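First residue of the sequence shown: 7, per my numbering; consecutive thereafter.
These are calculated hints, taken from the structure and not from any lab test.
Remember, it's a predicted structure, so these values are computed and weren't measured experimentally.
One or more of the hints may lead you astray.
What the hints assert, rightly or not - List time: in silico BS3-like cross-link candidates among lysine-lysine, alpha-carbon distance up to 30 Å:
1) K149 to K139
2) K218 to K461
3) K335 to K449
4) K347 to K361
5) K245 to K146
6) K275 to K451
7) K245 to K200
8) K275 to K376
9) K461 to K223
10) K245 to K391
11) K488 to K502
12) K250 to K223
13) K275 to K428
14) K450 to K461
15) K488 to K451
16) K347 to K376
17) K488 to K245
18) K335 to K347
19) K488 to K461
20) K245 to K451
21) K461 to K376
22) K275 to K223
23) K502 to K275
24) K218 to K200
25) K218 to K376
26) K245 to K450
27) K449 to K275
28) K156 to K275
29) K275 to K218
30) K223 to K502
31) K488 to K449
32) K347 to K337
33) K502 to K461
34) K391 to K428
35) K502 to K450
36) K451 to K376
37) K200 to K146
38) K502 to K218
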Amino acid sequence: MQKLGLNQTLTQTTKLSPAQIQVIRMLELPSIELNQRINEELQENPALEEGRDENPDLSGEGFEEFDENYQPEDGFEDGRDRDPLQNEDFNYEQYISDDETPSYMLHQHQSPVDEDRREVPIIGGSSLIEELKAQVYLTKMTKPQRHVAKWVLGNIDDDGYLRRTTEQLVDDLMFQEQITITDAEMEDIVRQIKEFDPPGIASANLQECLLKQLECKPQTPSVALAHQILADHFDAFSKHHYDKVIQRIGCTDEAFQEAIQEIVHLNQKPANAFTGNMYETQRETIIPDFSIEERDDELFVILNTGDIPELHVSREYSNMLSEYNAMPKTKENREAAQFIKQKLDSAQWFIDAIKQRNETLMKTMTAILKAQYDFFLDGEESSLKPMILQDIADRTGYDVSTISRVSNSKYVQTRFGVYPLKYFFSESMTNSEGDEVSTREIKKKLQEIIDAEDKRNPLTDEQLVELMGQNGYPIARRTIAKYRDLLGVPVARMRKSV
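Given the sequences, and given the hints that come with them, work out the whole structure.
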């Protein structure tokens, strides 16, 4: 039998201070969310006040220009480093949560899938789910049926498909809403929903979606032939076995081509007829966090602080704390003084966190500007140099995790459009001349070659390897396949047209 006893062990642990947590959270926030966070803090902490003080903590209004010689005051009592993620008392792994940036994304694979996106649109409007719910009241459904119909709408995915079977919907309705209906009743409700606009909504699969859209079009000979192709030969058609389809139907190449034109103009994702997410009522306006301006033939970084108010610690609360400290040390006075000091410390930490956020953002964006200076001059994608998060971390002296937080959800306004900061990060490869080039440049060249190919005889991956090599980019076939997938380009057989 094992004897029970007491053992003494010595372990080293680290804890996050409130100041460190404030700074880390501030780095993640874009300008518009920072303004909301400040308003919340002003409401929660009476020791934090808006407006100028005799010694203002935030300088200027509107856009704040970065001064490389600026040395901000250390507002933290223990004198820790300006980068909280480099502090020896800070364990980043202990802080980071499961939904944060994984470590494998911090060093190599920095190119976002949608990196070609330049302009950031400002979109608003009602969501598709709201439009569909409004159409429920235009049917002859009873009140209980309408309730079920609106519940069914919640099962439509972001592409506009209802991929659950009748049996599954009936079972889920019973468990989630405690409503029991028959399969036939559910089928009738779903059938009515499938008549809603946009055509093809709530379809079970792509074939049904396309057929529904064809039924809503004027029934011309080409539409009728397209309907026949999708209804009777969908599998062969989807695999681009056009010769087999033409042979089975017995139509001419010209008629088949006209039918194909009808099909390719159909919407494979009916939910795309509406802007935004299925359940999104309105997208927020994106306000750039930085602006690149030119003065005397030189580019400068400007930090957008347009709606961010100036903050200072309440003089009234500071005086109140002094008064309590001078009073007799009763329990009530000590508790009151402790409460006031807590609020004052919290206000000062908050102000210092904003100052450090601005300093970190400006230093990081300035490093990005210097690294990609040619691009900010001409706006040409080919001017972008290979750059990963570690490169900017080395330039700034910050931890790579700090750079990751700064580049996440931040945007910069240039003369050529609005770009996410992640747009400027990409891997590098060596071309035939021994020079390092951005993988974005390679993907752009690959896209140009594919766009110029003969669609009746599209290029295979092996042929793409040969052509890319002739253009000075010696890359392997598997790399071609990888970049082709990132560009959303299917294999040669799927790109073939008649």
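Indices of hints not satisfied (ascending): 3, 5, 8, 10, 16, 21 and 25
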